[in-house]
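Engineer: Given next are the chains, with one letter for each unit.
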Amino acid sequence: MLCGPRGCLPYAALLFLTATVSAAADTPAPSPSPPNSPPNPSAAGSAAPPPTIEQLVGDKNNWGMAAKDYANTRYSELDQINAANVAQLQVAWMFSLGAARGQEAAPLVINGVVYVVAPYAGPNPNQVFALDLANGDLKWSYAPKPDSAAAGIACCDVVSRGLAYDKGKIFLNTLDGYSVAIDAATGKELWHTRLGDINKGETITMAPVVVKDKVLVGNSGGEYGARGWLAAVDANSGKILWRAYSTGPDSEVLIGNDFKPPYPWMSGKDMGVKSWPPDKWKVGGGNAWGWISYDAELNLIYYGTGNPGAWNHQTRPGDNLWSCAIFARNPDTGMAKWAYQIGPHDLWDYDEINENVLVDLPVNNQVRKVLIHPGRNGYMYVLDRATGEVLSADAFDTVNTISAIDLKSGRPVLNDSLTPQVGRTVRNVCPASPGAKDWQPSAWSPRTKLLYVPHQHLCMNFLTGDVGYIAGTPYVGADVDMFAGPGGDRGEFMAWNPVTKKKVWAIAEPLPVWSGALVTKGDVAFYGTMDRWFKAVDANSGKLLWQFRAGSGFIGQPTTFSGADGRQYVAIISGVGGWSGAIAAAKIDPRVRNGALGFTGAMQDLPAHTVGGATLLVFALPANKRDTANIAAPQQ
Amino acid sequence: MVALICTAPVRVGLMLSAIVAGLATAVPLSGSAQESPALGSGDGGGNPTRSDALSPDRLIDVPVVNLTPGAVNVRPKLAIPKLDADAAQRGLQYFTNFNCVGCHMPNGGGGMGPALSHRPFIYGDRPENIYLSIHQGRPNGMPAWGTVIPEKLIWDLVAYIENINQAPVQQWGTTTSMTSPAIEQVPKEFKPSTARPWNYTQKFSNGQAPNP
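In the order they appear, the protein sequences are chains U and B.
Under this note's numbering, residue 647 is the last one in the first sequence; the count climbs by one each step, no gaps.
Under this note's numbering, residue 904 is the last one in the second sequence; the count climbs by one each step, no gaps.
Hints are computed from structural coordinates only; laboratory data are not their basis.
Every value quoted in this text rests on a predicted model; they were computed, and no experiment measured them.
Just so you know, not all the hints are guaranteed correct.
Okay, derived cross-link-like pairs now, DSS-like style, lysine-lysine, Cα gap no bigger than 30 Å in a straight line [stated by the list, open to error]: (1) U:Lys223 - B:Lys774; (2) U:Lys598 - B:Lys844; (3) U:Lys211 - B:Lys844; (4) U:Lys598 - B:Lys895.
According to the in silico footprint, chain U covers these stretches of chain B (three or more CB under 8 Å from chain U) [stated by the list, open to error]: (5) 824-833; (6) 846-855.
Here a beta-carbon is modelled for each residue, glycine too, at the ideal position from N, C-alpha and C.
Based on the provided sequences and hints, a complete structural model is requested.
Structural biologist: Written out as structure tokens, the structure reads:
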């Protein structure tokens, strides 16, 4: 097998990749394309098949999936833009997506076409746009058929984290629970499949991931008692192939004889039932609304599950398996190989859906196949990705809820004095419910061997109360009030060394850093701030090299790719919102601190910095000294 | 109309038992079955009897907007129940029991659903408008409660919402800056059970820990 920064591939796949790419380069194409890249699939008369996602994850010129590659590194081999010249970066073109709510989507680029998706708002909720990278022309757009009521079932703004692509098809998740396939060249609908029901409190916000012709989709709804699941949909037909629930009997969680948890307290039959009071697993949450990585050699997909329903933990004594857990599953069948529950009997809404970055790391002088998981609970986990065993877990922010992770048992050591009780306010709980880091994804550089982590620095007051389950309404039972953590800054962008388990450098930000990270071979790391700055910093030192003031705050994912003109581009969508920023884009009262599940308390001044936006920004170095912003090379 | 009154208690009973089974706290509905015919009459307010005031036809006559073709001023007078402090206190309880607080948040601060803590409301802020928004549901995510909970209960919620949206008004428009707003409500974890949260305010905290 061959392992690199982007994960592992068997040799056979590598040979196939090489053969296909060189064959494609020999095929004559009507329009010019850069060397070593498959021809443009939308070029009229082209005989070459459209690229596969397996080709794209190894192709530095394209960005074929939200996390860049199956290892979820968000690292680019492009270095035309580097630490020495990034100060010259300027806007090449912009595009307005129209719907001014939280813009979390990662721009994808496949052979000169940019694909983005808008939030679920405005006249065309979750509209998909295909744009010509060369000049920003709109090639086509596609609007799914919406159920507007879904907007009231979204806990944390009506966001979409992006699209997926494989073999000429774009895959879309709609907030109201559909998986859709769209022809990438024409925008025509190929199939649509209903996966979720808003009357059960289910929505979909995550970016799908395609593995071996299966579109992997997980639901949201942990604040609605919606039972969590991850489903595989056939990319060609739209048929549901398997669905793995996060709670309930083994037959529905897809746990069989091959399952081996890394610690004995997760062993036993039907633990997804037994670790709950009777029937409470049916409203148990555990939603798979975050990131999915894939190791082709081990044939395992990795993803995390969200909080158990309700937030009031006294409704659900027991470990509440399999909420707040990382699953490793066989993508062909969905059967679980192992699972590790980071947060047994969650007290604080510490979902554990954050990314699992697949890296080969030296641990005790031996190179191990690991995953790095920045925990919502404020601990940076390194797990053996073959077994789920915790190799290390170290706090990366202020944490007083958990004093340590016991590596022998695999369980967190809790600060019992903070345990919530109905009617008793617990004060100064750190980290707050969104954790030390929420969904916003980190990036891994194989050059610096550092993880670039955007995150927040918040604490909270927490008061639980009685709550009853009514389907289609929230199932929470907690009044929350968040605020800045010690020191007063509410965010940070840091570089973390997972071998020494230390912060190497950190940039304090006044507001949570809610955007994703990007890092490149040019040794530049990119992130966006909620007060409208898109920043480039030196990957080694953290020194600020360049910044751009956009129209609205950033909560999106930066990506990078090349055009036919040979220039490297960097893209991100500007538009504040999300759980942290909805106060600036929706009707939320800054004077009532407990709003937005407590986030109002920490973000009540945000509307003084920014309001909603919807702009895709594409940057590049000037083609020549006389270039000014917004002028791209004209089409021949 | 008379038929409606006779069947209402049965309908109410069936639906309530389904809901109460799922509730952690029982809904206090003392005498609701007998009380319905008395709504609007005998409540001490001297209002007309229910039979000519609370029919669904008349509620619909209350406009949601200040825009009537022909520039006719349409303001029908309806005999709605008295939205007093007791009603608001009951409404505070129902706001939690029916998970209104889950979307609209404590004291109506807004979150998944819009803020109810200040006017205007996009679907109208007269009591009759609020009643119908709860009863019928609304586009963009407000569920339809009308066939699921009784009218009297919805009026109590209206009374509560009328109380929580009494935000202090300093000027006609709203200024947002580093010094405005100047005040915030005392948060719910320090003032749990009030139906009049705007009576309790403190200095705006700008995202830092609140000073109770």
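Engineer: Each hint should be assessed against the structure and marked as holding or not.
Structural biologist: Now for the hints, and whether the structure bears them out:
Restraint check: the Cα-Cα separation between Lys223 of chain U and Lys774 of chain B comes to about 64 Å, which exceeds 30 Å; the hinted pair is violated. Between Lys598 of chain U and Lys844 of chain B, the direct Cα distance comes to roughly 28 Å. Compliance with the 30 Å bound is thereby established for this hinted pair. The suggested pairing of Lys211 of chain U with Lys844 of chain B holds, with an alpha-carbon distance near 27 Å, which does not exceed 30 Å. Taking the CA atoms of Lys598 of chain U and Lys895 of chain B, the gap is near 22 Å; set against the 30 Å cutoff, the hint holds.
Counting residues of the stretch 824-833 of chain B whose CB falls under 8 Å from any CB of chain U gives 4; the rule of at least 3 is met. With 0 residues bearing a CB less than 8 Å from a CB of chain U, the stretch 846-855 of chain B misses the requirement of three and the coverage assertion fails.
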